[in-house]
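Undergrad: Protein chains in written order, with my numbering: chain A, 1 to 662; chain B, 1001 to 1662.
Nothing false has been slipped in among the hints.
Here are the simulated BS3-like pairs of lysine-lysine, each with C-alpha atoms no more than 30 Å apart in a straight line:
| id | chain 1 | residue 1 | chain 2 | residue 2 |
| --- | --- | --- | --- | --- |
| 1 | A | 657 | A | 534 |
| 2 | B | 1241 | A | 173 |
| 3 | A | 241 | B | 1173 |
Derived DEER-like restraints, expressed as beta-carbon distance ranges:
| id | chain 1 | residue 1 | chain 2 | residue 2 | range |
| --- | --- | --- | --- | --- | --- |
| 4 | A | 580 | B | 1384 | 49 to 55 Å |
| 5 | A | 564 | B | 1278 | 52 to 58 Å |
| 6 | B | 1343 | A | 51 | 54 to 60 Å |
| 7 | A | 654 | B | 1514 | 44 to 50 Å |
| 8 | B | 1653 | A | 647 | 45 to 51 Å |
| 9 | A | 585 | B | 1538 | 36 to 42 Å |
Don't read these hints as lab results, they were simulated from the structure. We treat Cβ as the ideally placed atom computed from N, Cα and C, and that holds for glycine.
The lines below spell out each chain.
Protein chains: 2
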Amino acid sequence: MQPTQRRLANAIRALAMDAVEAANSGHPGMPMGMADAATALFTRYLKFDAADPNWPDRDRFVLSAGHGSMLIYALLYLTGYSRPTIDDIRNFRQVGSPCAGHPENFELPGVEVTTGPLGQGLAMAVGMAIAERHLNAVYGDTLVDHRTYVIAGDGDLMEGVNHEAVGLAGHLKLGRLIVLWDDNRITIDGSTELSRNEDVVARYVASAWHTVECDGLDSASVSRALDAAIADERPSLVRCKTIIGYGAPNKQGTAATHGAALGADEIEAARKALGWDADAFEVPEDVLSGWRGTGQRGQSDHAEWRRRLEESGKRDEFYARLSGKPDESWLQPHLDELIANPPKLATRKASELALEAINPVVTSTIGGSADLTGSNNTKTKALEPLTADNYGGRYIYYGIREFGMAAAMNGMALHGGVIPYGGTFLVFTDYARPAIRLSALQQARVIYVMTHDSIGLGEDGPTHQPIEHLQSLRAIPGLEVYRPADAVETAECWALALASKSPSILALTRQNLPAVRTKAVGENLSARGAYRLKPAGADRKVIFIATGSEVEIALAAAKQLESQGIGADVVSMPCMELFDAQPDTYREDVLPDVSNREILRVSVEAGTTFGWERYTGLHGLRIGIDRFGVSAPAEDAYEFFGLTPDAVAARVLDYLKQREMR
Amino acid sequence: MQPTQRRLANAIRALAMDAVEAANSGHPGMPMGMADAATALFTRYLKFDAADPNWPDRDRFVLSAGHGSMLIYALLYLTGYSRPTIDDIRNFRQVGSPCAGHPENFELPGVEVTTGPLGQGLAMAVGMAIAERHLNAVYGDTLVDHRTYVIAGDGDLMEGVNHEAVGLAGHLKLGRLIVLWDDNRITIDGSTELSRNEDVVARYVASAWHTVECDGLDSASVSRALDAAIADERPSLVRCKTIIGYGAPNKQGTAATHGAALGADEIEAARKALGWDADAFEVPEDVLSGWRGTGQRGQSDHAEWRRRLEESGKRDEFYARLSGKPDESWLQPHLDELIANPPKLATRKASELALEAINPVVTSTIGGSADLTGSNNTKTKALEPLTADNYGGRYIYYGIREFGMAAAMNGMALHGGVIPYGGTFLVFTDYARPAIRLSALQQARVIYVMTHDSIGLGEDGPTHQPIEHLQSLRAIPGLEVYRPADAVETAECWALALASKSPSILALTRQNLPAVRTKAVGENLSARGAYRLKPAGADRKVIFIATGSEVEIALAAAKQLESQGIGADVVSMPCMELFDAQPDTYREDVLPDVSNREILRVSVEAGTTFGWERYTGLHGLRIGIDRFGVSAPAEDAYEFFGLTPDAVAARVLDYLKQREMR
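Let's have the full structure, built from the sequences with the hints guiding it.
TA: See the structure below:
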């Protein structure tokens, strides 16, 4: 006899209780409350094949309420994914187990995205649903036709990014996005009434979503709601009324079940209440067999899809696109043109020129901006907007939603088949920072086009002028921060960002810059992270290390020093991270490890000097800005902060003189 | 004859056009569209006295759409504030003018908050409205009885923080908060329809707000709407239907008026259309006199209020509270107790103990947490919740709204009379970062209680373990980041944060730590930023520089080295910023400027090593974590990353040995 849906669900409950108990750490409440809803979803709706977690046309499942990670670990195990094993689950939250505290996409196939930072799972799902519709527009229903399902909790719905994600999804009419809201009326601090009196459903309706309610503890009721959600053309919020920790007779319905082990007594009582008599970590044969059947449910669909793919004649193209390796044929002709006619222009404009070369060739890019299209120069001429009426478009007007944009881009990148890039001002990376961190943690190829990258943006003043941002972003592991000095470096950095398997930030100027790379070299010099742009003429006494718009200043300051017989190298450093990864020999050639008395190292960057000691050493000179900016025209602002060739040369001369006097 | 409301409003339009034209930079569209609404608000409703911008019971006005800064500069000038002068306005957006690109509270009295980063003005206004109701509960209607008015644009309403702020305001029933929404249907990229199809009014209704609509270009219509808003007990959204750039006949209603000068021809056409024949920067006598009357409108109310204050017998107490100088009598007895009975406890718990001493004495504190009360240890026993039914409470359940909490705290601090502190996990400073930056820029005394400050939080894993956060926060100018090592340092840091005029972050552990400060010293050592906690026994060859939970590890590693005859200082560095501000002599005593060959400097912090070169020098040793974390029990995670006394001592020994071999 097939086990009942409730019995299948109880396997999730039992594993969640047992794993959290063994770890003495974790969150049993959510998996226990949503076990029935998840069972309905997985056994009847979710299109997947446990034997091939990467089937491109699978439905995507996102556990936005990532603290309830045991829900997805249980589901993956029960449905027969190769991992996690039951031993992995026994080692929940221990070194070496892929069953981490929160679900991480790099630990387990089947975990589509890394969740835990609240609100972002749902926002990434919006990006997945965008990618799906776009690829559907490109390849048609026969190859791309899947849904994105999300389980979200009250935390996901209270976070600000929820507003941005929901607004974007409603606007783009992403009808294949279905969010199951675990409405258990409990947060960590207690009742949701402590902090919220909002009519959540009405808010979703106001954002052009379909909504439907159900008893989240009754899989039949959940199924009826999912039927309605699937039938509606709008994105759907399925309100699942549940009880947190359902099944634990003395603790259910309270915050006590949210984030702590239930304890042996309560687990025993729960087993009794649920009629579950298997031992810890054991799943009765009928239940396991029922779940394994669910894991195979998609096999015929999958086979059918493979047949359609073969018949489509697009097999190779389709997989090539999914592989994500971008065509680089645009680069050399573009560089040749820049060398032939060295332009004086802002690097944001240079980025646009690069994109004009890239977008016709790398057709998987999807551009966008958080309402700064004309300032970020992110829209190339031929790109049509991606809208509810034209999912085939490749440019998204994200609105004033930096965080929502970044999270959606993560979802798009992780969905696969598209390379998202999006713009805002560099200072507003702060708004998107939680998603930028997740780009890095997830190794999602998202390209952030961050313009107006210094006081050089001018009059908008301190609130808009980045100071600490470059260094703060460089401090994030697994993220490449590029700050090119001219159009050639900008093109090189774009090539690196496209070829990367991880996220990149391009920090670009508002103001015009002269070309500093005017000779063909047959090598992507930016790939070295830093390189000697101009060697000293006279005996080398100084090395300038500069980035972006300050390379021009360093070059001019070096010229002044040379005119006084002081030899000065100028090193352009478009990417610290790549330079740090170079072999010692290369790094020591560029920045010799000698005392600053012998050769003075001088950093020049229009931002905080914090952290530049890494390249100048303690006794080098760091020229930058260690306070907030100033509202003034760009040139005046540079003058104000002593970031001019005269002022820089004077500071170096003064420093050399002081040193001699010591 | 009194000028009409429209004629008064046209003075704002003209000044906005002229100033932006002179600067050839700025945003005329918003001031021109909202001039009539602002005129209605200032001439008929806003309670203020231009002669005393700091009158404590004034209404607060927040220009959340800060790019329209000329609106407020024009209003301050016209109503007779001492600054800006007309020359200040002529120098709009130039070095030296207080009329910066975006309104900055430190430039001009009358500018209550710094706005420009969208959404945050409105969110800060929520904090101001909270502070007002709280002080009203303390001092009664006779002393505190004012409203908070906001002008917000579509950008403010699309940002995620709007959702958090609106949810909080609705929940707390902040009826004295009134938001005028400049509904001009235009964003930078074009029509709002490019990115939004939300029913904004319905969303506010769903969040328990009152809403009302009006013709924003008709001051009588605006007045009727404001009457309705004032009459309603809920916070109000006043939808002002406007035309961006209203008055510029050829450009109004388009994004072209948003962020660029109109040009001489269009300005001339606008002057004609508006019937405005005064020269640039000139305001006709009747208009100026009308506006100056508005600036004096509040004088009798103000005098009346002063009389009530005198009669209340609370004058000195009231001003003392507003002065913000906290009572420090709690500190010494608390330290004495900690020295007498050195506790082993997490610094988050030590923070709670400090707060138990602080809160009864410093009665202006208002605590809270973004739904992590029990984890952040922010609620002391006697604090009652601040709710819609009890504004006199001093603890706010902010919900899962880190950014909204931080922005609200900025508003509370800038309102004055309260000292806000609030908690979340350190990793989620990313969510609040835009507001943390504004705390620093505005020099708002907000105290961020950020617990779970490293991999020491354990099993929750990489998404929850801060790596880059300490250094990223230290890179923000004007922000003190404290990472105390035990209960004594925690109390010292709390005292410093309370006494500061600027924001502080307290980074606190989840895990228990031993007491490292066990002797009375009669001085707040943390005020030095760093100090020699343990001097070398043997001949000094090594200096450990550690923070927080790693001080314990450094002490134990030093002991191991000493046992091998290698003298090692241990420097505790609870606050880099304060150490950097010490005199050279002090800094050089703690960290002598000698080669690492002579004395090896070793930093130990469970986070990125990026930037630690500042203290170790290039050839020192930096022990930390330069990748994302790991899900495991805290001790295992420390072991995994080599952050144990054995591993640290071994690395130092190995380093010393390698050096000798060179």
